[in-house]
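There are 2 protein chains.
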Amino acid sequence: MWKIGLVGCGNVGLGLLRILEAKRGDLENRYGFTYAVTGVVDPFRGSVGDERGLDVAALLAAADGGKSFRGLGDPIDLDWLLEGRANVIAEATPTNLVDAMPGLDHIRRALAAGCHVVSTNKGPVSLALPELQALARERGVQYRIEGVLLSGTPAINLAGEALAGCDILSVQGIVNGTTNFILTRMEEGADYGAALAEAQALGYAETDPTADVEGWDAAVKAQVMANVFLGQSLAVDDVERLGISHLTGADIDAARAKGCRLKLIAEVERSGEGVRATVAPRELPLSHPLAGVSGAINALTFRTDHLGDVTIVGPGAGRVETGQALLVDLLALNR
Amino acid sequence: MWKIGLVGCGNVGLGLLRILEAKRGDLENRYGFTYAVTGVVDPFRGSVGDERGLDVAALLAAADGGKSFRGLGDPIDLDWLLEGRANVIAEATPTNLVDAMPGLDHIRRALAAGCHVVSTNKGPVSLALPELQALARERGVQYRIEGVLLSGTPAINLAGEALAGCDILSVQGIVNGTTNFILTRMEEGADYGAALAEAQALGYAETDPTADVEGWDAAVKAQVMANVFLGQSLAVDDVERLGISHLTGADIDAARAKGCRLKLIAEVERSGEGVRATVAPRELPLSHPLAGVSGAINALTFRTDHLGDVTIVGPGAGRVETGQALLVDLLALNR
Numbered sequence: 001m002w003k004i005g006l007v008g009c010g011n012v013g014l015g016l017l018r019i020l021e022a023k024r025g026d027l028e029n030r031y032g033f034t035y036a037v038t039g040v041v042d043p044f045r046g047s048v049g050d051e052r053g054l055d056v057a058a059l060l061a062a063a064d065g066g067k068s069f070r071g072l073g074d075p076i077d078l079d080w081l082l083e084g085r086a087n088v089i090a091e092a093t094p095t096n097l098v099d100a101m102p103g104l105d106h107i108r109r110a111l112a113a114g115c116h117v118v119s120t121n122k123g124p125v126s127l128a129l130p131e132l133q134a135l136a137r138e139r140g141v142q143y144r145i146e147g148v149l150l151s152g153t154p155a156i157n158l159a160g161e162a163l164a165g166c167d168i169l170s171v172q173g174i175v176n177g178t179t180n181f182i183l184t185r186m187e188e189g190a191d192y193g194a195a196l197a198e199a200q201a202l203g204y205a206e207t208d209p210t211a212d213v214e215g216w217d218a219a220v221k222a223q224v225m226a227n228v229f230l231g232q233s234l235a236v237d238d239v240e241r242l243g244i245s246h247l248t249g250a251d252i253d254a255a256r257a258k259g260c261r262l263k264l265i266a267e268v269e270r271s272g273e274g275v276r277a278t279v280a281p282r283e284l285p286l287s288h289p290l291a292g293v294s295g296a297i298n299a300l301t302f303r304t305d306h307l308g309d310v311t312i313v314g315p316g317a318g319r320v321e322t323g324q325a326l327l328v329d330l331l332a333l334n335r
Numbered sequence: 001m002w003k004i005g006l007v008g009c010g011n012v013g014l015g016l017l018r019i020l021e022a023k024r025g026d027l028e029n030r031y032g033f034t035y036a037v038t039g040v041v042d043p044f045r046g047s048v049g050d051e052r053g054l055d056v057a058a059l060l061a062a063a064d065g066g067k068s069f070r071g072l073g074d075p076i077d078l079d080w081l082l083e084g085r086a087n088v089i090a091e092a093t094p095t096n097l098v099d100a101m102p103g104l105d106h107i108r109r110a111l112a113a114g115c116h117v118v119s120t121n122k123g124p125v126s127l128a129l130p131e132l133q134a135l136a137r138e139r140g141v142q143y144r145i146e147g148v149l150l151s152g153t154p155a156i157n158l159a160g161e162a163l164a165g166c167d168i169l170s171v172q173g174i175v176n177g178t179t180n181f182i183l184t185r186m187e188e189g190a191d192y193g194a195a196l197a198e199a200q201a202l203g204y205a206e207t208d209p210t211a212d213v214e215g216w217d218a219a220v221k222a223q224v225m226a227n228v229f230l231g232q233s234l235a236v237d238d239v240e241r242l243g244i245s246h247l248t249g250a251d252i253d254a255a256r257a258k259g260c261r262l263k264l265i266a267e268v269e270r271s272g273e274g275v276r277a278t279v280a281p282r283e284l285p286l287s288h289p290l291a292g293v294s295g296a297i298n299a300l301t302f303r304t305d306h307l308g309d310v311t312i313v314g315p316g317a318g319r320v321e322t323g324q325a326l327l328v329d330l331l332a333l334n335r
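Residue numbers (the working numbering), protein chains in the order written: chain X, 1 to 335; chain C, 1 to 335.
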């Protein structure tokens, strides 16, 4: 029986609760996965717990009605969960790439307490992944992060299990749906500003689009790719980074004239003893497996020794049931 | 410690031995996978065994030198392996779609004896998958078949683990590299006969190409897709089947005029209480994730509830380290 403590109950956390509630019987029958949500910690909705398991349907009804969780369990905090009332923490607080707080603190404390952690939070991964992996190993628990790479398209679980036995030589990816959407619209004739405005209107891009269009989000994902796929820890500043905000219709046309498409590509490859990581717009020939990936879609191509190139393509942010990334990691813990 | 008995030592079986030998240390360090190949049964190279494990390097040297395995172990047969000398049988004898022999007999006997089976053999899957799955369940062992679907591109392991928690609603695939190569060459201007001859010269197509070009191979794969992804057993005759041998340049041009590409698509989808399975050439719009899959490449698109469409693209037959499909299943048994 998994005793799940959910920390951060925004869209991702609620998405997890929704799936857990809707598929309770299915998860038990198909995967032998049984659970209780023993506590939810959220500064806005309220923090409540029940050692026998909260009424998840009641939590969802409160959230859907814009109401607080108050009264749906005893008032709790993270420490209450870590005193034996959770064996896994689902950490889904917002990403903060400056100091990774408060997520980093939550994850450190949970791992130190011997809880597994599944998390969609990119901040702790960017700033402290080696530390957190070492802490998890030391305590004999897992820190799983499927959601930080492709918003739920399961590239990390693919590499860990379905590609087991292969050596991964390099990985190239379209890892930021916003910039891929903008480049696709520019190919269709929009200029950069109009394409960005459209991405913002559709909710793909933030009001301040810097993290996406200057390649910072992709650079964090290159860090994850280097660490998880090639076993090499990098700082975000180790990633050579160029965004797309300088691109014009002339660049798109120049690529097209060569029979290519411009894509913002994150790439990690072995280089001597280390790993070289880059984020930059690249002209890809149409035969390249990533050239046809259009719109707010993500994709990764693994170059492997046994299988050559294997590519996974799936939805980027905003197109997925956001709780799935946490669920797949919970089910992996259960195997 | 896995005691592996290899039955059928052609290209696939030798490929497995090659990987096992080359990566012995790596498999132990990364996956905790330790093994001995206790016996090899092959009517052409000879059948030899050693309870302490054969010298795999010596087997490979004999095969590379065109020599028999005779003298590299004691003379054995499958029964010897099944008397406790193997806990997993890797079955890689040639596919026979008429009566599935001798593979079906090997797999039945191995499962009945309580051995796990990993197999690339499509015959037993097409003719007896439900029977073999039931037998495996009854004996508490696994019958794993990654290699029968996409020649090693790990679609079955992807669906079982990386997509865990999703419901798979339908699956569409380019599952036959030979026909995809022929259609790609026809798009480039070759007529059907010339494209087929080229596929034969490159070793993609057999001298008698019927199984590929009339869609029989794809229909068997549709059976696998229906069974493994949608939980429904079909006979091969339940698959509506149309091949590509009737297609002409005019069909290719007609698709192109609509902004589409012609692809031979295997599809399974839920339909009422059952599953509808089809193999047919389809005009796919260029935005379709399978439209850009060219040459002897395979791909599957899973339509899921939580992640929308997730596509995996990888090499078809002839482009892969053929033992990888067996290895990934061996490593899955080890988890």
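Check before you lean on any hint, since a few could be wrong.
[Claimed, not checked] Restricting the straight-line Cα-Cα distance to at most 20 Å, the calculated cross-link-like pairs of lysine to aspartate or glutamate (EDC-like) are:
{"#": "1", "chain 1": "C", "residue 1": "23", "chain 2": "X", "residue 2": "305"}
{"#": "2", "chain 1": "X", "residue 1": "258", "chain 2": "C", "residue 2": "188"}
{"#": "3", "chain 1": "C", "residue 1": "258", "chain 2": "X", "residue 2": "188"}
{"#": "4", "chain 1": "X", "residue 1": "67", "chain 2": "X", "residue 2": "83"}
{"#": "5", "chain 1": "X", "residue 1": "23", "chain 2": "X", "residue 2": "83"}
{"#": "6", "chain 1": "C", "residue 1": "3", "chain 2": "C", "residue 2": "64"}
{"#": "7", "chain 1": "X", "residue 1": "23", "chain 2": "C", "residue 2": "188"}
{"#": "8", "chain 1": "X", "residue 1": "23", "chain 2": "C", "residue 2": "55"}
{"#": "9", "chain 1": "C", "residue 1": "23", "chain 2": "X", "residue 2": "26"}
{"#": "10", "chain 1": "C", "residue 1": "3", "chain 2": "C", "residue 2": "51"}
{"#": "11", "chain 1": "X", "residue 1": "67", "chain 2": "X", "residue 2": "42"}
[Said to hold, decoys possible] Chain X is faced by these chain C residues, among others (derived, beta-carbon under 8 Å):
{"#": "12", "residue": "60"}
{"#": "13", "residue": "61"}
{"#": "14", "residue": "82"}
{"#": "15", "residue": "152"}
{"#": "16", "residue": "153"}
{"#": "17", "residue": "157"}
{"#": "18", "residue": "327"}
{"#": "19", "residue": "331"}
{"#": "20", "residue": "333"}
Source of the hints: derived by calculation from the structure; they are not laboratory data.
This one's a predicted model, so the numbers in the text were calculated from it and none came from an experiment.
Here a beta-carbon is modelled for each residue, glycine too, at the ideal position from N, C-alpha and C.
We went through each hint and held it up to the structure:
1. C:23 <-> X:305: With a Cα-Cα distance of about 12 Å, the restraint between residue 23 (chain C) and residue 305 (chain X) holds, given a limit of 20 Å.
2. X:258 <-> C:188: holds, 18 Å
3. C:258 <-> X:188: holds, 18 Å
4. X:67 <-> X:83: violated, 28 Å
5. X:23 <-> X:83: Answer violated: residue 23 (chain X) to residue 83 (chain X) is near 28 Å, above 20 Å.
6. C:3 <-> C:64: violated, 24 Å
7. X:23 <-> C:188: violated, 48 Å
8. X:23 <-> C:55: Given that 20 Å is the threshold and the Cα spacing comes to 49 Å, the pair is violated.
9. C:23 <-> X:26: Given pair residue 23 (chain C), residue 26 (chain X) is violated - Cα atoms ~38 Å apart, limit 20 Å.
10. C:3 <-> C:51: Within the cut-off at roughly 9 Å; holds.
11. X:67 <-> X:42: holds, 13 Å
12. 60: violated, 16 Å
13. 61: violated, 21 Å
14. 82: violated, 26 Å
15. 152: Cβ of residue 152 (chain C) sits 6 Å from chain X, so the hint holds.
16. 153: holds, 6 Å
17. 157: Holds: closest Cβ of chain X sits about 4 Å from residue 157 (chain C), inside 8 Å.
18. 327: holds, 4 Å
19. 331: holds, 4 Å
20. 333: Hint on residue 333 (chain C): violated, closest Cβ of chain X at ~11 Å, above 8 Å.
The structure does not agree with the numbered hints 4, 5, 6, 7, 8, 9, 12, 13, 14, 20 stated previously, though it agrees with the rest.
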